[in-house]
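J.: Residue 463 in my numbering sits at position 52 of the sequence shown, with consecutive numbering throughout.
No lab work stands behind these hints, which were simulated from the structure alone.
Predicted model only: the values in this text are computed from it and were never measured.
Check before you lean on any hint, since a few could be wrong.
The calculated label-pair distances, taken between Cβ atoms and stated as ranges, are [unchecked claim]:
#: 1; residue 1: E454; residue 2: M488; range: 13 to 23 Å
#: 2; residue 1: D418; residue 2: V479; range: 48 to 58 Å
#: 3; residue 1: Q492; residue 2: K449; range: 18 to 28 Å
#: 4; residue 1: E457; residue 2: Q492; range: 35 to 45 Å
#: 5; residue 1: A470; residue 2: S433; range: 50 to 60 Å
#: 6; residue 1: A451; residue 2: K489; range: 15 to 25 Å
#: 7; residue 1: G438; residue 2: L416; range: 49 to 59 Å
#: 8; residue 1: D418; residue 2: G490; range: 21 to 31 Å
#: 9; residue 1: I419; residue 2: V499; range: 42 to 52 Å
#: 10; residue 1: M488; residue 2: A426; range: 22 to 32 Å
#: 11; residue 1: P496; residue 2: R443; range: 40 to 50 Å
#: 12; residue 1: A470; residue 2: D439; range: 53 to 63 Å
The beta-carbon is built from N, C-alpha and C at its ideal position, and this holds for glycine as well.
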Amino acid sequence: KENGLVDILGGLQDAIEVAAQSADIVGDYKTRYYPVKKTAIEELIEEISGTTSAKMMQAKLGEFYPYVDLLEKVNNMKGIQARMPFEVEIK
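When you get a sec, could you build the whole thing from the sequences and use the hints?
T.: Take a look at the structure:
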């Protein structure tokens, strides 16, 4: 605060209130948090269906399944990555 890097001290709710005031939002407003958290039931169903589809893929692809699985994992990764041209597998 002394160096001019911070206007006021506070938490997330304080920051939301300051942003609302700066945007001239009057009255009630709602905040939404993303990503939306899944319920335990949704996570369980997703896990079960993922396991089932993985088993079906494994049966269809046979020996090629580990390579397809690795490509799918890399494809689903977010952000900047540094990858090696091989996979380390510890048994």
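J.: Take the C-beta atom of E457 and the C-beta atom of Q492, compute their distance, and say whether it sits inside 35 to 45 Å.
T.: violated (24 Å)
J.: Just tell me: holds or violated, for the beta carbon distance of D418 and V479 against 48 to 58 Å?
T.: holds (52 Å)
J.: If I claimed the Cβ atoms of D418 and G490 lie 21 to 31 Å apart, would that claim hold in this structure?
T.: holds (30 Å)
J.: For the hint 18 to 28 Å, verify it against the beta carbon of Q492 and that of K449.
T.: The hinted range 18 to 28 Å holds for Q492 and K449, with Cβ atoms some 25 Å apart.
J.: That 50 to 60 Å hint for A470 and S433 (C-beta), does it hold up?
T.: For A470 and S433 the Cβ distance comes to about 57 Å; the hint holds.
J.: The hint says 42 to 52 Å between I419 and V499; measuring C-beta to C-beta, is that right?
T.: Since the Cβ atoms of I419 and V499 sit about 48 Å apart, the hinted range of 42 to 52 Å holds.
J.: Does 53 to 63 Å hold as the CB distance between A470 and D439, or does it fail?
T.: holds (54 Å)
J.: So the hint says 22 to 32 Å: do the beta-carbon atoms of M488 and A426 match that?
T.: holds (30 Å)
J.: The hint says 40 to 50 Å between P496 and R443; measuring C-beta to C-beta, is that right?
T.: With a Cβ separation near 41 Å, P496 and R443 satisfy 40 to 50 Å, so the hint holds.
J.: I want to verify a distance hint. Is the separation of the beta carbons of E454 and M488 within 13 to 23 Å?
T.: holds (20 Å)
J.: For the hint 49 to 59 Å, verify it against the beta carbon of G438 and that of L416.
T.: violated (32 Å)
J.: Do the Cβ positions of A451 and K489 conform to the proposed distance bound of 15 to 25 Å?
T.: holds (24 Å)
Of the numbered hints given earlier, the model fails hints 4, 7; all others are met.
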